[in-house]
Amino acid sequence: MAKKHLVLVGNGMAGVRCIEEILKLGGNEEFEISIFGDEPHVNYNRIMLSAVLAGDTTVKDIELNSLEWYEENNISLYVNEKVTRVDKENQVLYTDKGRETSYDHVILATGSNPFILPVPGADLKGVIAFRSIEDCETMIDAAKTYKKAVVIGGGLLGLEAARGLLNLGMEVDVVHLPEYLMERQLDEVASGLLRKELEQQGMNFLMSKMTTEICGTDRVEKVKFKDGTETEADLVVMAVGIKPNIAVAVESGIEVNRGIVVNDFLQTSAENIYAVGECAEHRNMVYGLVAPLWEQGKVLANHITGKHQEVGYEGSVLSTKLKVSGVNVFSAGDFLNTPESKSIRVHDEFVGVYKKVVIQDNKVIGAVLYGDTSEGTKLFNMIQSQDDISGLSSVNIIQNVGTDDAGSTTTLSDQDTVCGCNGVTKGEIVRAIKEDGLCSVNEISSCTNAGRSCGSCKPIVGEILAETIGSELASASNKETICGCTDLSHEEVVEEIRAKGLTHTREVMNVLGWKTEDGCSKCRPALNYYLGMVQPTNYQDERESRFVNERMHANIQKDGTYSVVPRMYGGVTNPADLRKIADVAEKYQVPLVKVTGGQRIDLIGVKKEDLPAVWEELGMPSGYAYGKTLRTVKTCVGESFCRFGTQDSIGLGIALEKKFERLNTPHKVKMAVSACPRNCAESGIKDVGIVGIEGAWEIHVAGNGGATLRKGDLFAKVTTTEEVIEITAAFLQYYRETARYLERTSHWVERVGLENIKEKILNDDKFRSELVERMEVTLSTLVKDPWEEIIESETLKDELFKNKRIEVLQ
Amino acid sequence: METVVKNNRQIKVASLSELPVQLGKEVIVNGHEIAIFKLANGNVKAIENKCPHKQGPLSQGIVSGEYVFCPLHDRKLSLEDGVVQKPDTGCVKTFEVTVKGDDVFIQL
Numbered sequence: 001m002a003k004k005h006l007v008l009v010g011n012g013m014a015g016v017r018c019i020e021e022i023l024k025l026g027g028n029e030e031f032e033i034s035i036f037g038d039e040p041h042v043n044y045n046r047i048m049l050s051a052v053l054a055g056d057t058t059v060k061d062i063e064l065n066s067l068e069w070y071e072e073n074n075i076s077l078y079v080n081e082k083v084t085r086v087d088k089e090n091q092v093l094y095t096d097k098g099r100e101t102s103y104d105h106v107i108l109a110t111g112s113n114p115f116i117l118p119v120p121g122a123d124l125k126g127v128i129a130f131r132s133i134e135d136c137e138t139m140i141d142a143a144k145t146y147k148k149a150v151v152i153g154g155g156l157l158g159l160e161a162a163r164g165l166l167n168l169g170m171e172v173d174v175v176h177l178p179e180y181l182m183e184r185q186l187d188e189v190a191s192g193l194l195r196k197e198l199e200q201q202g203m204n205f206l207m208s209k210m211t212t213e214i215c216g217t218d219r220v221e222k223v224k225f226k227d228g229t230e231t232e233a234d235l236v237v238m239a240v241g242i243k244p245n246i247a248v249a250v251e252s253g254i255e256v257n258r259g260i261v262v263n264d265f266l267q268t269s270a271e272n273i274y275a276v277g278e279c280a281e282h283r284n285m286v287y288g289l290v291a292p293l294w295e296q297g298k299v300l301a302n303h304i305t306g307k308h309q310e311v312g313y314e315g316s317v318l319s320t321k322l323k324v325s326g327v328n329v330f331s332a333g334d335f336l337n338t339p340e341s342k343s344i345r346v347h348d349e350f351v352g353v354y355k356k357v358v359i360q361d362n363k364v365i366g367a368v369l370y371g372d373t374s375e376g377t378k379l380f381n382m383i384q385s386q387d388d389i390s391g392l393s394s395v396n397i398i399q400n401v402g403t404d405d406a407g408s409t410t411t412l413s414d415q416d417t418v419c420g421c422n423g424v425t426k427g428e429i430v431r432a433i434k435e436d437g438l439c440s441v442n443e444i445s446s447c448t449n450a451g452r453s454c455g456s457c458k459p460i461v462g463e464i465l466a467e468t469i470g471s472e473l474a475s476a477s478n479k480e481t482i483c484g485c486t487d488l489s490h491e492e493v494v495e496e497i498r499a500k501g502l503t504h505t506r507e508v509m510n511v512l513g514w515k516t517e518d519g520c521s522k523c524r525p526a527l528n529y530y531l532g533m534v535q536p537t538n539y540q541d542e543r544e545s546r547f548v549n550e551r552m553h554a555n556i557q558k559d560g561t562y563s564v565v566p567r568m569y570g571g572v573t574n575p576a577d578l579r580k581i582a583d584v585a586e587k588y589q590v591p592l593v594k595v596t597g598g599q600r601i602d603l604i605g606v607k608k609e610d611l612p613a614v615w616e617e618l619g620m621p622s623g624y625a626y627g628k629t630l631r632t633v634k635t636c637v638g639e640s641f642c643r644f645g646t647q648d649s650i651g652l653g654i655a656l657e658k659k660f661e662r663l664n665t666p667h668k669v670k671m672a673v674s675a676c677p678r679n680c681a682e683s684g685i686k687d688v689g690i691v692g693i694e695g696a697w698e699i700h701v702a703g704n705g706g707a708t709l710r711k712g713d714l715f716a717k718v719t720t721t722e723e724v725i726e727i728t729a730a731f732l733q734y735y736r737e738t739a740r741y742l743e744r745t746s747h748w749v750e751r752v753g754l755e756n757i758k759e760k761i762l763n764d765d766k767f768r769s770e771l772v773e774r775m776e777v778t779l780s781t782l783v784k785d786p787w788e789e790i791i792e793s794e795t796l797k798d799e800l801f802k803n804k805r806i807e808v809l810q
Numbered sequence: 001m002e003t004v005v006k007n008n009r010q011i012k013v014a015s016l017s018e019l020p021v022q023l024g025k026e027v028i029v030n031g032h033e034i035a036i037f038k039l040a041n042g043n044v045k046a047i048e049n050k051c052p053h054k055q056g057p058l059s060q061g062i063v064s065g066e067y068v069f070c071p072l073h074d075r076k077l078s079l080e081d082g083v084v085q086k087p088d089t090g091c092v093k094t095f096e097v098t099v100k101g102d103d104v105f106i107q108l
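As given, the protein sequences belong to chains A and B, one line each in that order. The opening residue of the first sequence carries number 1 in full-length UniProt numbering; numbering runs sequentially from there. The opening residue of the second sequence carries number 1 in full-length UniProt numbering; numbering runs sequentially from there.
Among the hints, a few may not be true.
[To be verified] Taking beta-carbon pairs under 10 Å as the criterion, some of the chain A residues facing chain B (in silico):
| id | residue |
| --- | --- |
| 1 | Val59 |
| 2 | Glu72 |
| 3 | Ser76 |
| 4 | Asp218 |
| 5 | Asn442 |
| 6 | Ser793 |
| 7 | Thr795 |
| 8 | Leu800 |
Treat the hints as calculated values from the structure; they're not laboratory data. From the three backbone atoms N, C-alpha and C, an ideal C-beta is built for every residue, glycine too.
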């Protein structure tokens with residue numbers, strides 16, 4: 001039997017989604033499919049245009065169906081080509097390129113057009129809508145030359161355009177006719193909160209203003225309002241609404257009202273012609289949100305392929321769950337109060353959360369949520385189910401308190417859409433979890449696309465995960481496992497290594513049931529560290545399980561060259577060393593010589609192959625500026641020269657650096673010694689920071705000057721340098737034994753508790769001396785400088801640093 | 001610098017015994033950088049030495065099973081087909097490897 005010709009008019013989200021549903025039902029056997037689109041692109045996610053404009057993603061990333069998809073499914077795609085008329089008697093359609101095609105079925109999915117205000121000047125240059133990739137590009141270009149943008153329309157689309165234009169560096173006025181923003185989705189309180197937030201982000205609002213004229217000679221120059229005021233404009237974006245695109249239906253004599261009129265099976269007045277999406281009008285409703293479009297697409301796919309004929313489309317209850325400029329908002333049903341309804345309200349001005357649930361006759365009829373939308377799905381279900389809620393307390397209605405079930409998702413059916421942006425249902429998510437053995441929200445996102453766009457559905461995806469695999473497992477997947485290769489936590493792995501006497505990374509992965517054959521870049525270095533920590537004398541460190549910097553003993557740069565930092569104990573150097581550094585830098589044409597924050601000198605941009613020679617000529621030990629180890633001990637001048645110094649900070653600093661250099665630690669460790677509370681060596685923000693005071697030393701721990709600044713905690717006050725070294729050794733060893741790999745002391749102390757560590761190290765003399773003893777054993781194995789080891793070994797030089805050059809003669 | 005005559009489009013790039021297990025080797029053929037890997041299972045793989053993300057030298061990455069992790073930003077690439085693993089995207093060129101005795105050849 002010859003295949004029937006199915007033509008889709010409109011290459012957008014609703015139409016192509018419907019085709020996908022048809023293909024899922026085996027439509028390829030039955031139909032030869034053609035798609036006409038008047039844009040020059042493949043099908044893309046129009047909802048994400050605002051993210052493109054805001055610079056969060058690229059046009060390429062919002063493609064929903066690649067050219068290959070059309071090819072693989074044998075779909076003939078005609079872009080830049082508009083269907084102008086359908087001859088319903090003879091079943092032929094015509095395009096603006098003069099093409100004629102006969103058809104068996106036509107799906108009209110022409111979407112909608114932006115509504116352009118009929119005011120003088122609306123056709124000036126610089127006046128655009130916000131609907132397509134081209135509009136986005138126009139705005140991005142305009143922002144390069146022009147300064148001031150005016151967005152007309154304070155609805156979702158207008159606000160997203162405004163946010164994008166702010167990101168592009170433009171000044172933005174938002175003009176809105178009603179008194180408050182997003183009046184169709186929000187009540188006055190929520191709208192006020194949103195306005196305040198957006199004003200803080202830099203938007204300027206012109207409320208209750210009716211635009212009467214756009215002025216300019218060639219390009220737009222200003223916008224005038226009915227009240228006589230005006231505002232300057234280099235760019236005007238109209239976002240006042242959309243209207244169904246019904247041109248081709250009108251031209252073809254198909255019944256239209258506001259949209260193309262369809263019945264419950266999406267059939268238009270003409271035989272074999274259907275309509276879905278924003279262009280369709282069903283039971284007097286035209287939908288502009290995606291969830292109803294997905295439902296329509298499914299019904300039509302079932303109908304057109306002859307499956308489940310009896311199930312028609314019965315309309316959708318609307319809920320809106322959105323992220324506007326980083327703020328989550330939700331609304332559903334009749335959320336504006338009437339004399340007949342009452343509402344429960346929560347307004348927490350401290351955290352910026354507002355919730356309102358509207359109730360009439362003991363039923364939830366509408367809701368608005370601002371700031372925290374996690375109850376959106378539950379409330380939406382209550383609205384849809386119309387259950388009597390008189391048995392529930394107000395608190396139970398407005399938040400998930402005291403409910404033991406896995407949250408609100410148990411009440412969702414498999415057909416319910418969870419991710420509105422990408423049209424992913426609960427059923428698809430559950431199937432992916434079960435079939436592909438997924439156990440994290442991120443895995444589900446990359447597999448099903450749920451949560452990949454605005455991200456507001458991620459909490460629900462998490463709940464579905466918990467519901468599907470059990471909350472224990474789901475929270476197990478949220479516990480800090482080493483990586484995706486195992487379900488075991490860092491602590492559990494270390495315990496197993498000790499208990500079973502494991503000696504090799506491969507053995508650990510085998511015995512503990514790793515999910516991957518050979519681990520990954522996260523667990524291998526961690527296992528290598530733990531094995532070395534547990535068995536300092538026996539374990540053979542694995543070069544191949546070390547991150548590049550620790551394997552090469554140099555710091556990789558973005559161009560693949562390396563940086564070299566020789567040791568400079570306590571930040572003290574001398575003319576001979578400086579001369580050597582200068583000579584090497586010249587000889588190897590080092591592009592950048594820089595003083596580091598840790599008081600030493602960095603030679604940046606050394607070629608991989610030159611590293612061994614550079615080290616050899618320097619003749620200095622490695623400064624370990626690349627390692628998870630002690631980096632440097634920063635010192636101030638101290639008593640030998642400083643008129644305030646009360647202690648020998650340089651002497652103690654050098655002693656500490658010499659003692660602990662080369663020690664493997666869970667993450668890098670920085671130390672400092674200052675000779676007085678003026679703290680010139682910045683001891684307050686080091687992992688171990690020593691401060692000299694009159695007759696004593698203070699030891700501060702867990703300070704951090706990095707991404708999250710943390711002031712160190714005073715750990716102990718002692719009188720001798722021997723005690724400083726002893727307590728430092730015990731502290732570092734306890735850190736080595738109980739911290740997770742890649743956990744800095746600042747996070748470790750917060751997790752384990754300072755008092756607990758003090759108790760163990762300062763009050764338990766026996767435990768402290770055991771720690772020190774284990775530290776000494778470890779230090780005794782670290783006698784060889786790694787640079788020297790490499791210089792002396794031809795094998796290491798060959799294996800790690802030498803490239804092979806081959807010239808092929810043709 | 002070694003000079004070889006192209007023979008049946010296969011060129012010898014290394015000796016099997018000189019390749020360390022799970023450590024990449026950078027081989028530059030006519031100025032073109034190729035990363036050669038001897039895997040834990042003894043198989044040898046060859047891919048272009050440039051991560052599609054920011055041109056990181058893949059030969060310096062951690063090798064796990066049939067994958068390498070870029071040393072610059074930890075992108076995971078298959079050594080089998082050169083494809084960057086989800087959720088990242090991209091692909092590097094792969095080269096067919098033949099081992100005869102101790103000689104490792106790649107097909108350009």
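How the hints compare with the structure:
no. : hint   : in the structure
1   : Val59  : violated, 14 Å
2   : Glu72  : violated, 17 Å
3   : Ser76  : violated, 27 Å
4   : Asp218 : violated, 43 Å
5   : Asn442 : holds, 8 Å
6   : Ser793 : violated, 12 Å
7   : Thr795 : holds, 9 Å
8   : Leu800 : holds, 7 Å
Taken one by one, the earlier hints fail for this structure at numbers 1, 2, 3, 4, 6, listed in ascending order.
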